[in-house]
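**Q** Read off the chains here:
2 protein chains.
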Amino acid sequence: PTETGSTMSMSCIGYIGILIICHGLYFQDGERRVDYILTYHIKKPSSSRSNRQSSRFTDNAFTRSLRRGTARLGRAPTPQPRGDPEVASQDHSMDYHVDDKRLHREEFEGNLRDMGMELEKDEDTKTPGVGFVKIHAPWHVLCREAEFMKLKMPTKKVYEMKQSTGVGAKINTLVNKVTEPLYPNVEDNRTHNVKHLSYMFSREKQHLFDLSDRDSFFDSKTRASIVSVIVSSRSSMTVDWRLESETIETINYSRLSQFIHENHIRNVFIVDLCLLYEEWASYSVFYKYQPIGLVRKYFGEKIGLYFAWLGLYTQMLIPASLVGVIVFLYGCATVDDNIPSMEICHPKNNITMCPLCDRACSYWKLKEACGTARASHLFDNPATVFFSIFMALWAAMFMEHWKRRQMRLNYEWDLTGFEEEEVSDHPRAEYELRVMQKSLKKEHKTQKVLIGVTFAIVFGVILYRISTKTALHMSNNPTTRSNVRLTVKTTAAIINLVVILILDEVYGAVARWLTVLEVPKTDKSFEERLIFKTFILKFVNAFTPIIYIAFFRGRLVGRPGSYLYVFESYRMEECAHGGCLMELCIQLSITMLGKQLIQNNLFEIGIPKLKKLIRYIKSKRRSFQEEEREKKLQRYETDHFLEPFAGLTPEYMEMIIQFGFVTLFVASFPLAPLFALLNNIIEIRLDAKKFVAELRRPVAARAKDIGIWYNLLRAVAKVAVIINAFVISFTSDFIPRLVYQYMYSPDGSMHGFVNHTLSYFNVSNFQDGKEPMDPQHQVEMCRYKDYREPPWSNTPYVISKEFWAVLAARLAFVIVFQNVVMLMSDIVDWLIPDIPKDISLQIHKEKILMVELFMKEEQGKIQFIDSMMPCGGKEKRNNHAPIARSRSIPHTHSHTHANNF
Amino acid sequence: PTETGSTMSMSCIGYIGILIICHGLYFQDGERRVDYILTYHIKKPSSSRSNRQSSRFTDNAFTRSLRRGTARLGRAPTPQPRGDPEVASQDHSMDYHVDDKRLHREEFEGNLRDMGMELEKDEDTKTPGVGFVKIHAPWHVLCREAEFMKLKMPTKKVYEMKQSTGVGAKINTLVNKVTEPLYPNVEDNRTHNVKHLSYMFSREKQHLFDLSDRDSFFDSKTRASIVSVIVSSRSSMTVDWRLESETIETINYSRLSQFIHENHIRNVFIVDLCLLYEEWASYSVFYKYQPIGLVRKYFGEKIGLYFAWLGLYTQMLIPASLVGVIVFLYGCATVDDNIPSMEICHPKNNITMCPLCDRACSYWKLKEACGTARASHLFDNPATVFFSIFMALWAAMFMEHWKRRQMRLNYEWDLTGFEEEEVSDHPRAEYELRVMQKSLKKEHKTQKVLIGVTFAIVFGVILYRISTKTALHMSNNPTTRSNVRLTVKTTAAIINLVVILILDEVYGAVARWLTVLEVPKTDKSFEERLIFKTFILKFVNAFTPIIYIAFFRGRLVGRPGSYLYVFESYRMEECAHGGCLMELCIQLSITMLGKQLIQNNLFEIGIPKLKKLIRYIKSKRRSFQEEEREKKLQRYETDHFLEPFAGLTPEYMEMIIQFGFVTLFVASFPLAPLFALLNNIIEIRLDAKKFVAELRRPVAARAKDIGIWYNLLRAVAKVAVIINAFVISFTSDFIPRLVYQYMYSPDGSMHGFVNHTLSYFNVSNFQDGKEPMDPQHQVEMCRYKDYREPPWSNTPYVISKEFWAVLAARLAFVIVFQNVVMLMSDIVDWLIPDIPKDISLQIHKEKILMVELFMKEEQGKIQFIDSMMPCGGKEKRNNHAPIARSRSIPHTHSHTHANNF
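From first to last, the protein sequence lines stand for chains A and B. full-length UniProt numbering numbers the first residue of the first sequence as 1 and each following residue consecutively. full-length UniProt numbering numbers the first residue of the second sequence as 1 and each following residue consecutively.
Hint data in this document are derived by calculation from the structure and do not stem from the laboratory. Careful: at least some of the hints might be erroneous.
When chains are identical, the list treats them as one kind, so a pair holds in a single copy or across two.
For lysine-lysine, the following PhoX-like pairs were computed, each having C-alpha atoms within a straight-line distance of at most 20 Å [as the list claims (entries may be wrong)]:
1. K595 / K785
2. K524 / K847
3. K595 / K121
4. K157 / K195
5. K861 / K157
6. K367 / K348
7. K152 / K704
8. K785 / K121
9. K367 / K618
10. K302 / K689
11. K856 / K801
12. K177 / K524
13. K195 / K770
14. K856 / K524
15. K690 / K861
16. K302 / K150
17. K365 / K785
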């Protein structure tokens, strides 16, 4: 790989910021490598105010630092319980003086040294105002922490994976050959026939591992994450100290990406990154699988899982969009055979409809709705019912497949025995601060109020939307031509989209603000609550207008002669003939496409570039000789200008909202999966580019699963079933058609359906001042879409029996659909085992091999002991249990074992 | 505890079979204790046929055994790959000769010895025909296996549990004092203030553990389960050998309970069992909590979990039955204020109803239904709607509580890091045999057919039931008096119960037979499939008649003048006025009570006693001097006459069916939780007695959860929501009443409801020959319960608008109820964290303490090394990282470590 590496590196150099490796990633001695770097701002003593204030505290801080210094000089390796947390919190609540900060920093660094880390400072950089602390973790620290973190490492023991034989193998080879071009050109990604057994690293079992090359045994991401764990938590066990350290960190330090580079493995490092750049972060390989193993190797498990998930999701979208397109084409093909729209468009059709608004509008002919009716059929045909069932099952399959993929990755990445790290359970420093300030109770009250306020905001937005949309429609209503109507709808949808995009950002900030006010106890719960809140708000934001169109628009219209009015003058808006499905579809497609194009691509590409530029300009302003110097900057200095890694939350959030679009209203918009697929193919490479070239390298985090996101996916999939049931039964005309066909149709066909859905209205029953001013037709009766008694019945305009029958059928359909689909999803869930069969077999096999290995070792030891004690050797032949007497060997206490470092 | 123990033991001796400990639980040398016993039958060479047949194979078997013997003599400790599996399977399919069996046995024992076990044979017992092999696992084997099994053992390190302070502590003390009598008198069960840290046992970390008393470090159940693991799997790694060993075992060996008893801890052992007997397996302590810790200590985690689950379930039934009784009392209290039944019972009520059967029956006055109507109100009032919502949430709470309890027990029992044992994933011997016989494919086909047959059987039973029940009713119908009716219903329900009880046993056998035919691959999947099948069949069996009554009876009746007929002559049965709820209630209570009384108590107490008696008599017949000898029998010989432990499946199954009764139809029978509670209070002690005194002590099995049962519980709870929704909306009159009150009632009250639900029928419209022969009243119009148009409308007897409105309301209620309750359950699920807060804090604390402990140890070692190397001591003062140079210490390969045995 070295050769390919070096040629590849040539093509990469100068392109990826991270790759310009010249010097400085070793300590001054050129031996110890840099595993982690902390940065801090070097400030000059500035304003007189802070100076005066701080002088009061300098003494205090100084004495404290002295006390601590003494403690450290005494070489007590465990951290000292701090005497006065009150002083600390007092300090915190005030402005830190520069000296005080420095002392804190020094104390923190002293603590790191106590933990065995080796540090080197570099304040004299070419980047003014920024100091760097380079950290090196020596071998024994790595070993110790790897043992505490229960890292699984590959052992020397190698075993051959079973190859399938016979026909299966041949098919396998064939499939592999066909799919060959789909695999990235990464050594790592090919199927191996041998696998190293993995075992939890432990210094007592060192002989199991291949430690011939200590520098490469722990790879760069592992080293960095070990240091990160020490920096963030292990450096002290007592809570009050941790609080202080965290305080220091948030004020003075910001983590910089860590570069792990050394001469003898430089090529490997470059190869990895170059491979990632060429085989992953490039649009030209969009059709290929991702080199997930390599992503994990470079970025850690958490980010690896995200991309694996995104990859699987995109893959699963292929069949969904295929079926979606087929369903859409079916709609196109059958549009001319659709009897209801044929009836509407029939030249002999002479049905006069009631006016769509008061006074200004006139009567109109149903024929005018011909275009809408035909278009509606594209999304409102029996195939969409099938498609929404299909998509519900698809969602269940997707979940199951993800569980399996996750399990497989867990196995491949040696995470099978791994439990969530306790680090994430640490109480957040801020929480403890709040507890100290005793302000928690008050916050709890305000939190409740605020949750209420949030809901009020959400409902307010809904109301606002309804009214503005009504107003918008009203003013355009006099022009009743359907083309104009469509334009109005489209522009309304675009306005909606803009509102959604703006509110999305607002809601993101609101969610963060609310979560901060809640003061969750641990970082993990903070993250989960933030995600949950953001999800709820963004989801409501994205889907409120759609839900309004699907379920409320045109429902509460009233009837001719007694329309419902909002604000006494605006009539509630009606849907065009053919249901609101058409409008729903327009709204959906515009929202989805718009969100994807504008939010994802524009924001995700544009904003970071802009930010980088701004930061660059800012630092340029400070010293004007920057340009010449820039090329001589240390690696970590150029990286300092990169955007820091902000977590995977925005990426997941975007995808889950998209998943909502794909599943929630799929009954009305079968092309959604196709749009999602096209977007995601770009999205993967876009994210990859961002991670490889735009962001500082994040600290590798271990993770077994995608956490709360899986639950949110499940929730969306569940809600999707119900919403689709309602869309089919209430928004589309599917159920009325069925009811007509089987209950009312004289000949079992759909002929007469349109007539059946229209009620009669006697124009003499118009309220005064509501009748059309300029009736183009002279009519006695006009028709309107509803199931009501005709004017000549005993109870005119009362809801008719047909209405109740159709309603009952609709509700029955909802119950049946919901329960059948839920049952089918459960069956899918139950039929597909969570752990792939080959993986469970392999895990089992590995366990057996491990036990066998230990047993052999055992035997080796016994023979060794036996050979040492000739008296024991004799008995052996008579007895099948020669081990039994080893009890008599003097018990050497392992405390006195010679250890390996 | 020794004192209490010895006094207690006196009261126990002679009562529990297991306790008569005299001698023989040590090997002959009196030092090595017996950890496990295998039994086998010693047969005399009997029939000439098998003799002749076997002589052909004696040679074969002999040579094989010779070959193996040689291999073993060569002292190759790993098992030899066997040459000819075909021969083995051939052998298996024929009758084993006695000699062959003995050789197999000897080989098996040899293998055990190779694994380090020590065996002692005892063929010369007082029980003729049974041989015993006593197994002792020496210390080093225990250590080795404990390490492989990753057992967590308590370390020397002790830490104090945080006591809550202030008001919380006071309340806690008060609560503890009040609930004091509820706790069993078991030391183990009290809250401790200190806890031993636990850590995965490893021989390298022996210094962590308190090994001062090697004999009691691993307790009896752990020793036994270690031996059990070796016997069942570890004794060989190759599959073909395991197959043979299993074969031997199933034919010749049967596991006997193991008695772990020794002089110096005899008291502890007796105390445990006596405590269990007195504080657990006794009806007098029915009001107390169970000593779960002790149960686990004696029987292992799996059985401990069952009783913990049963205990929690019973506990949770207390509030449920309380609310149920209140709801029932509310029904009783409001029966006189119920307007519909008042109207029916009103003396001025003069409504003439249409006859209930053809010709034989006459018209009847609605007043006659007064009693039924009043009784119906007890179970059909708004409170039952509340109660079924309550019970759905109760079920969700129960699940959540169980998850938490399980987590707590996992923590207390040191199972937190434990993964399911691989032993259970071993392919079943039978499966491998079938694979060898290549009969698997055929079986797979028949399996599918058979699953189809099962469903056919189930539906056949349903049909059979409907027809017989109809017939039964028909023949009794001429006597239309409601009292007689009630008797008929009751007897019908009892007949049903008997059928259910008989079919229950049949289905159990069918399920086992089907599963055997399926040939699942592993023991675990065998068990899960068997459970699933049995569950489905028994569930369908128990609930089919109830579902029939709830949802089908009285639905497809037709109307006067055009009734529906089965077999052309039997009219479908109607329900009495007031809905079928009353009948449903009778059926439910009889089935539930009957099943509990007969099946659980009679079968569970009676049958085992009977079996024991039969076995005793059988062995008595063999030798007539038995009686005198009996008292001198070895412990394991008396235990040989006990019933073997057959798994927890029947116990769980019984409880889950009961859970079904408690949740599924709770809307119609609010007293179900009370009955369940009363039954379970007895059930716990009954099961406890069985485990302590009636069964052989089962091999302790580790388990983290209750496995498939939890999923089945969830499924039942889910189905319960839907069924309750349908019971409320379709079986009860709740929705029609609401619809009447808010849509049709002139004054918003319930007055006139009865009249509204009755349609008119003109008696002249009776079909010929169907009119009553002996009309006691002369009538023109009779009434019947349905929503149909009156005879004078344009469309007489057609389903009316009210019907559709009520139907729509019913369906809407189902949708709302189902989704609201499911949402609430999900919220309960989401709000209650799965891991109790204190436990997660403790786990976190323990992890930190463990790391601290290791760090201290580390420092100790470093200081030791430093003191050994004076040159390193100097540098220390200048450098904060003195450890860094320890790299230069020569690397002692741990292969050459002196090990501790």
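**Q** Hint by hint, note whether the structure agrees.
**A** The hints, checked one at a time:
1. K595 / K785: Neither. Shortest intra-copy (34 Å) and inter-copy (57 Å) distances fail the 20 Å Cα cut-off.
2. K524 / K847: Between. Shortest inter-copy distance 17 Å satisfies the 20 Å Cα cut-off; intra-copy 32 Å does not.
3. K595 / K121: Cα proximity of K595 and K121: none, with 46 Å in one copy and 79 Å across.
4. K157 / K195: within (9 Å within a copy, 39 Å between copies)
5. K861 / K157: within (18 Å within a copy, 30 Å between copies)
6. K367 / K348: within (9 Å within a copy, 61 Å between copies)
7. K152 / K704: Close inside one copy (13 Å), not across copies (23 Å); limit 20 Å.
8. K785 / K121: neither (79 Å within a copy, 92 Å between copies)
9. K367 / K618: neither (65 Å within a copy, 94 Å between copies)
10. K302 / K689: For K302 and K689, the Cα distance is within 20 Å only inside one copy (17 Å; across copies 51 Å).
11. K856 / K801: neither (83 Å within a copy, 83 Å between copies)
12. K177 / K524: neither (44 Å within a copy, 38 Å between copies)
13. K195 / K770: Neither: 82 Å inside a copy, 83 Å across copies.
14. K856 / K524: Intra 43 Å, inter 29 Å, cutoff 20 Å: neither.
15. K690 / K861: neither (53 Å within a copy, 46 Å between copies)
16. K302 / K150: Close inside one copy (17 Å), not across copies (28 Å); limit 20 Å.
17. K365 / K785: within (13 Å within a copy, 46 Å between copies)
Of the numbered hints given earlier, the model fails hints 1, 3, 8, 9, 11, 12, 13, 14 and 15; all others are met.
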